[in-house]
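Student: Start from the sequences and build out the full structure, keeping to the hints where you can.
One letter stands for each residue in the lines below.
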Amino acid sequence: MIVAEPKPIKEVAGYIKDCTKILVVGCGGCTSVCMAGGETEAEMLAASLRILRKMEGRELVTAVTTITRQCEPEFVESISSKVKEVDAVVSLGCGVGVQFLAEHYRDKWVLPALNTVFAGGTVQAGIWEERCGLCGDCILHLTGGICPVIRCAKSILNGPCGGSQNGKCEINPDTPCAWHLIYEKLSAMNRLDLILQFHPAKDWSKERSGGLRNRKREDAVL
Amino acid sequence: MSDFKPKIVAFCCYYCAYAAADVAGSLRVQYAPEVRLVEIPCSGRIDPVVILKTFEEGADGVYVAGCLEGDCHFLKGNIRARQRVNYVQKILGELGIDPERLAMYNLSGAQGGRFAQIANEFTEKIKKLGPSPLRGR
Numbered sequence: 001m002i003v004a005e006p007k008p009i010k011e012v013a014g015y016i017k018d019c020t021k022i023l024v025v026g027c028g029g030c031t032s033v034c035m036a037g038g039e040t041e042a043e044m045l046a047a048s049l050r051i052l053r054k055m056e057g058r059e060l061v062t063a064v065t066t067i068t069r070q071c072e073p074e075f076v077e078s079i080s081s082k083v084k085e086v087d088a089v090v091s092l093g094c095g096v097g098v099q100f101l102a103e104h105y106r107d108k109w110v111l112p113a114l115n116t117v118f119a120g121g122t123v124q125a126g127i128w129e130e131r132c133g134l135c136g137d138c139i140l141h142l143t144g145g146i147c148p149v150i151r152c153a154k155s156i157l158n159g160p161c162g163g164s165q166n167g168k169c170e171i172n173p174d175t176p177c178a179w180h181l182i183y184e185k186l187s188a189m190n191r192l193d194l195i196l197q198f199h200p201a202k203d204w205s206k207e208r209s210g211g212l213r214n215r216k217r218e219d220a221v222l
Numbered sequence: 001m002s003d004f005k006p007k008i009v010a011f012c013c014y015y016c017a018y019a020a021a022d023v024a025g026s027l028r029v030q031y032a033p034e035v036r037l038v039e040i041p042c043s044g045r046i047d048p049v050v051i052l053k054t055f056e057e058g059a060d061g062v063y064v065a066g067c068l069e070g071d072c073h074f075l076k077g078n079i080r081a082r083q084r085v086n087y088v089q090k091i092l093g094e095l096g097i098d099p100e101r102l103a104m105y106n107l108s109g110a111q112g113g114r115f116a117q118i119a120n121e122f123t124e125k126i127k128k129l130g131p132s133p134l135r136g137r
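Those protein sequence lines, which keep their order, are chains A and B.
Read in order, the letters of the first sequence correspond to residues 1 to 222 in this note's numbering.
Read in order, the letters of the second sequence correspond to residues 1 to 137 in this note's numbering.
Incorrect hints may have been included.
Claimed, not checked - Quick list of in silico lysine-lysine cross-link-like pairs, BS3-like style, CA-CA up to 25 angstroms: (1) K54(A) / K125(B); (2) K53(B) / K128(B); (3) K7(A) / K82(A); (4) K7(B) / K54(A); (5) K128(B) / K82(A); (6) K54(A) / K128(B); (7) K90(B) / K10(A); (8) K7(B) / K53(B); (9) K7(B) / K21(A); (10) K185(A) / K216(A); (11) K53(B) / K17(A); (12) K54(A) / K76(B); (13) K54(A) / K53(B); (14) K21(A) / K84(A).
Please keep in mind that the hints were generated in silico from the structure rather than gathered at the bench.
Tutor: This is the structure:
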């Protein structure tokens, strides 16, 4: 999932300082699951913004709604009557959700309430960790299902480096060395031969720095 | 601020604090009249949104009272309640409202005296803090 975290409330309050009526839109997708932008968080943000405004002696009218996913136009369209009524929309979606709302409602200010931080998963309740670097050219079949692109600080493909100390990365004693994890996993699978394979330089053109990426599946296009 | 009469809302678990309030009543134990009780089925039922809205509506102080740790009727409700209280305290801090205005207490259903003590202690604390910055806004 896409993992996001809330922006400081006062920062969001600053974005809407000239508005009198706003729509706070939660997302039922990834940001709900990472407990940053679901129904509860949308209600919390709306109440917080009203409180801050009340302390200034001014009123802020808020409407709150949560849609199934902000990254799909049909769900985005479903709130058009509510969007029409407000000065600005505050989105608790990831960066994708904010942009889909902004593109769909061309004359509306759509403002982000979250910082989108990484693609990851829930390692335990309340704790999320990065797992995928979205490099566009997956090599997990060679590394025992552990990604050196994102989990190694240097993204090296032929590791570990000299900074691997007792299974930890030199950048932080709490960060496991990805290549140590790969060694342990391959060892457990009796496939240490894979770690001896040399990986030539990766094709980074498929990565984000290669420009805007898109994907098309012909049979699904209407 | 001696004439300041705070508005305090106490969210009380049915299995402990609310029962303790009854015990306090039966024992004719007096406690601060500023405290308004709201019965909840378990302290773990408390919703952070409800706490925040209580402040928004003008409460000067809010506390959640649940069972003694380890004694929750629903096993971990009181632990979750404490975590939610901590979460809302952080938000209150961000908003410029003293996090001390929100508290979590644990007691058993038999502790009528303790219930009154908590109500009095918390009321005194809020009286010292003065009115909420949202009062009269």
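Student: With reference to the structure, classify each hint as holding or not holding.
Tutor: Verification of the supplied hints:
no.	hint	verdict
1	K54(A) / K125(B)	holds, 24 angstroms
2	K53(B) / K128(B)	holds, 23 angstroms
3	K7(A) / K82(A)	holds, 24 angstroms
4	K7(B) / K54(A)	holds, 18 angstroms
5	K128(B) / K82(A)	violated, 44 angstroms
6	K54(A) / K128(B)	holds, 23 angstroms
7	K90(B) / K10(A)	holds, 13 angstroms
8	K7(B) / K53(B)	holds, 14 angstroms
9	K7(B) / K21(A)	violated, 29 angstroms
10	K185(A) / K216(A)	violated, 35 angstroms
11	K53(B) / K17(A)	holds, 21 angstroms
12	K54(A) / K76(B)	violated, 35 angstroms
13	K54(A) / K53(B)	holds, 12 angstroms
14	K21(A) / K84(A)	holds, 11 angstroms
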